[in-house]
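S.K.: On the provided structure of chain A, position chain B as indicated by the hints.
Protein chains: 2
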Amino acid sequence: MKSLLRHSLPVLAGILVLSGLFAQTSALAGSYLNAAQSDPRALGWMTGFPPPPERLIMQPESDFFSFPKLRWTVCHIRELMPTKRVYRGITPLTSFEYALDAGIDAVTFTPLGGEKPMTWKESLSVNYTDGILILHKGRVVYEKYFGCLDGMGKHAAMSMTKSLTGLLAEILVVEGQLDETAKVSSIIPELKDSAFGSASVRQVMDMTTALDYSEDYSDPEADIWHYSKAASPLPKPVGYEGPDGYFEYLQTLRQDGVHGEVFAYRTVNSDALGWIISRASGRDTAHLLSERIWSRMGAEQDGYMTVDAKGTPFAGGGLSAGMRDMGRIGLLMLNGGKIHGQRLFPEEVTKKIRAGGDRKAFAEAGYKTLEGGSYRSMWWVFHNGHGAFAARGVHGQTIYVDPAADMVIVRFASFPKAENAQIDSTSLPAYQAVAAYLMKRDK
Amino acid sequence: MKSLLRHSLPVLAGILVLSGLFAQTSALAGSYLNAAQSDPRALGWMTGFPPPPERLIMQPESDFFSFPKLRWTVCHIRELMPTKRVYRGITPLTSFEYALDAGIDAVTFTPLGGEKPMTWKESLSVNYTDGILILHKGRVVYEKYFGCLDGMGKHAAMSMTKSLTGLLAEILVVEGQLDETAKVSSIIPELKDSAFGSASVRQVMDMTTALDYSEDYSDPEADIWHYSKAASPLPKPVGYEGPDGYFEYLQTLRQDGVHGEVFAYRTVNSDALGWIISRASGRDTAHLLSERIWSRMGAEQDGYMTVDAKGTPFAGGGLSAGMRDMGRIGLLMLNGGKIHGQRLFPEEVTKKIRAGGDRKAFAEAGYKTLEGGSYRSMWWVFHNGHGAFAARGVHGQTIYVDPAADMVIVRFASFPKAENAQIDSTSLPAYQAVAAYLMKRDK
Chain A
1 MKSLLRHSLP VLAGILVLSG LFAQTSALAG SYLNAAQSDP RALGWMTGFP PPPERLIMQP
61 ESDFFSFPKL RWTVCHIREL MPTKRVYRGI TPLTSFEYAL DAGIDAVTFT PLGGEKPMTW
121 KESLSVNYTD GILILHKGRV VYEKYFGCLD GMGKHAAMSM TKSLTGLLAE ILVVEGQLDE
181 TAKVSSIIPE LKDSAFGSAS VRQVMDMTTA LDYSEDYSDP EADIWHYSKA ASPLPKPVGY
241 EGPDGYFEYL QTLRQDGVHG EVFAYRTVNS DALGWIISRA SGRDTAHLLS ERIWSRMGAE
301 QDGYMTVDAK GTPFAGGGLS AGMRDMGRIG LLMLNGGKIH GQRLFPEEVT KKIRAGGDRK
361 AFAEAGYKTL EGGSYRSMWW VFHNGHGAFA ARGVHGQTIY VDPAADMVIV RFASFPKAEN
421 AQIDSTSLPA YQAVAAYLMK RDK
Chain B
444 MKSLLRHSLP VLAGILVLSG LFAQTSALAG SYLNAAQSDP RALGWMTGFP PPPERLIMQP
504 ESDFFSFPKL RWTVCHIREL MPTKRVYRGI TPLTSFEYAL DAGIDAVTFT PLGGEKPMTW
564 KESLSVNYTD GILILHKGRV VYEKYFGCLD GMGKHAAMSM TKSLTGLLAE ILVVEGQLDE
624 TAKVSSIIPE LKDSAFGSAS VRQVMDMTTA LDYSEDYSDP EADIWHYSKA ASPLPKPVGY
684 EGPDGYFEYL QTLRQDGVHG EVFAYRTVNS DALGWIISRA SGRDTAHLLS ERIWSRMGAE
744 QDGYMTVDAK GTPFAGGGLS AGMRDMGRIG LLMLNGGKIH GQRLFPEEVT KKIRAGGDRK
804 AFAEAGYKTL EGGSYRSMWW VFHNGHGAFA ARGVHGQTIY VDPAADMVIV RFASFPKAEN
864 AQIDSTSLPA YQAVAAYLMK RDK
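Chains as they are written, first to last, in our numbering: chain A, 1 to 443; chain B, 444 to 886.
So that you can see chain A by itself, here it is in the shape it has in the complex:
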């Protein structure tokens, strides 16, 4: 067991970070280099032919997801792992209109739990921002790149991937290809004896399944380690006899409690949902995302998803994509399934998501920066006055949609700590301040 762990740990770390499961451990760490100090260009990662040993980022020894290497890795996932493309096709590019507003930099807000005001511009480095895009009334009013990212680059979306998996599921539900009230076992018989078997599709979509699932990193037998070993795309170590791949792993999960009562953020729900939508549609998550969204939204670039050793896309955290393309996802959500004059899916899809999930079940999870919110079809719904909702991924990834302000914000980031609770204090109020600024400006 010990040797298996030693062999697999670096890969595990990657998968864990992608899926947000390293939140607790990362939070234990101390102080970090600031954004300028940890800029991957300044640190010279992977430069030179060959890069000198102290500038190499590779598996397995160097733990490519550790900070500050993380700040390079988030733009280079495919160079470290096998991936499957999310294709835009070879249709003509569709460009955004620009109406840049230099006044946004000076917008001020007070961080949650803080007293001293901060400017929008200051928040970007505080949050280790790699890319930030603000769309207002469909036009780009703000767009900046830092760290490893540029306008032609791609960045790990981390758990924002879940929201796309959830969106695809909701599309299939609204179109009648997937019954959200069905028991999972009726769609995936292989999951009959697992915790998922007795859950409904909707409970999986909203992460209210009751799973016997431990993320205690100090316990080498915790479920999270089994999950990570199963999901690794690398060949399994000699002697490994556990499940291979997401689908085999999901069958091993046991139930603990009653489904539908409590929201519990577990990436395995997204992988189960990926399986469900694949069975329902006959396409894997990457293929379905390509066919339904990416190839029809005027995407500028292909995206890609990491895969397990059997080629299964990581529906819970594997997507990397360009920032403006994530902006197009935000516009689709903002505008009820329409973008660039095309309707991609029925408006009912976003209506259901924006209505939110079970707020009582959500409250049980105790998210301090998201009080009063809910989780619906793998989107975070704030239930605030603007009807805002978001895709969120560890280390600061977000698509923040504010319908009242006709605004979408995309942030790619590489904050040293995984957990968004740390990042929310200087991002959520900043988003609200920009929304207020734009609404006031346009009056």
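If you're looking for bench data, these hints aren't it; they were derived computationally from the structure.
Backbone N, C-alpha and C fix where the C-beta goes; we use that ideal spot for every residue, glycine too.
Watch out, some of these pointers could steer you wrong.
Under 10 angstroms between C-beta atoms, here's a sample of chain A residues computed to sit facing chain B [unchecked claim]: (1) Pro51; (2) Arg78; (3) Gly89; (4) Phe247.
A short list of chain B residues far from chain A (calculated; beta carbon distances all over 12 angstroms) [claimed, not checked]: (5) Ser481; (6) Leu543; (7) Gly619; (8) Ala806; (9) Gly809; (10) Lys811.
M.R.: Then chain B, alone, in the frame of chain A:
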């Protein structure tokens, strides 16, 4: 040693096939399923959620490059290995004009060493063609897809990658950024004590270096095994103490004989050239290919290259790309560096390549289907009446450029055997017959 080999073999096989080094071993095999029988869609590789065990293609056990799995793998390299993109950028797409000619299917030719004539159409399945494109006077006159490929897909270019590495080198030479007469050691001091140190850049470009290099697969200490282990993108097995990556491996090669006398096709020359052009340009091969060619030729898709464990692109065989984009490479070579009305590099570059290399040195290598030819800057020059030349990769990959007929043919294929000598008999005369047909038609 034995256990290291067992652990690494499947990956090695992949790298070997990509680089064409499995030619000899594959030739030992017997009869194969024909093109229709081995069609990867018919065989159902990687279909289902999950694919049943007998339909899985993965590392390490199943040897993803073995025939007939090979026929799926050639379109899915990135799903099995880490890769680096060759970016097209986000510039507008440039489409080809079409002037399809259904008469081409009926063009007949006599296979080399054969007696019975064959039609062009018949040759496609005989050669396990995955995609075939004929450009004449800059327009598409023929375009078909089979097997794993379609018009939005990508296919392994195998050793055609070498020709792009050679093209980039020739561009740097003509532009004065690289001295083809310089000793390699003056550009890469790390290679001073290796076989390459005393060779000139030109000798590396033309593969006339004299290397003490064994490809005897029955000898577990043959150089080819060391090369493959070094190049594997997977974490090195416990206990491995050899070189890690292309750059470290190249330093271990020893000289045997006098440089410049004999052409000997060794992939390591391309990797050495990749290193040379990276040092000279400050960009790795994938980056340089993006910057100088891919982002400026109106490419429809990004390409990508496999990488070693340190992120070094495989300059000798790692490229995957769309077929029409390979057609653009052919047009650039045909039209002296111009495409879609843009000049990408000086005409002198293609003039030098098309003039060919040392025919006497080439004759020593004994290529029966290429008698009278030569190898220049990693392009195969036929020295025939049409001034034809080609990029070639194992299993039937080619960009065939015929200046007299103003024609470019691109073929992607997954012929069961690696060696092109087997494929040439039903492809080279077919290309010549189509050239004659088009010239006669246009008279």
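S.K.: Against chain B, run the beta carbon of Gly89 (chain A) and see if the smallest gap drops under 10 angstroms.
M.R.: holds, 6 angstroms
S.K.: Holds or violated: is the Cβ of Ala806 (chain B) farther than 12 angstroms from all Cβ atoms of chain A?
M.R.: holds, 35 angstroms
S.K.: Quick one, is the Phe247 (chain A) hint okay against chain B at 10 angstroms, beta carbons?
M.R.: holds, 5 angstroms
S.K.: When the nearest CB of chain B is found for Pro51 (chain A), is that gap smaller than 10 angstroms?
M.R.: Because about 7 angstroms separates Pro51 (chain A) from the closest Cβ in chain B, which is inside the 10 angstroms limit, the hint holds.
S.K.: Would the non-interface assignment of Gly809 (chain B) survive a Cβ cutoff of 12 angstroms against chain A?
M.R.: holds, 35 angstroms
S.K.: Would the stated hint for Arg78 (chain A) survive a check requiring a Cβ distance to chain B of less than 10 angstroms?
M.R.: holds, 6 angstroms
S.K.: Quick one: work out the minimum CB distance from Gly619 (chain B) to chain A and report holds if it exceeds 12 angstroms, violated otherwise.
M.R.: holds, 20 angstroms
S.K.: Minimum C-beta separation from Leu543 (chain B) to chain A exceeding 12 angstroms: can you confirm that?
M.R.: holds, 18 angstroms
S.K.: Holds or violated: is the Cβ of Lys811 (chain B) farther than 12 angstroms from all Cβ atoms of chain A?
M.R.: holds, 38 angstroms
S.K.: Run the C-beta distances from Ser481 (chain B) to all of chain A and say if the shortest one exceeds 12 angstroms.
M.R.: holds, 20 angstroms
Going down the numbered hints, you'll see the structure goes against none, and every one checks out.
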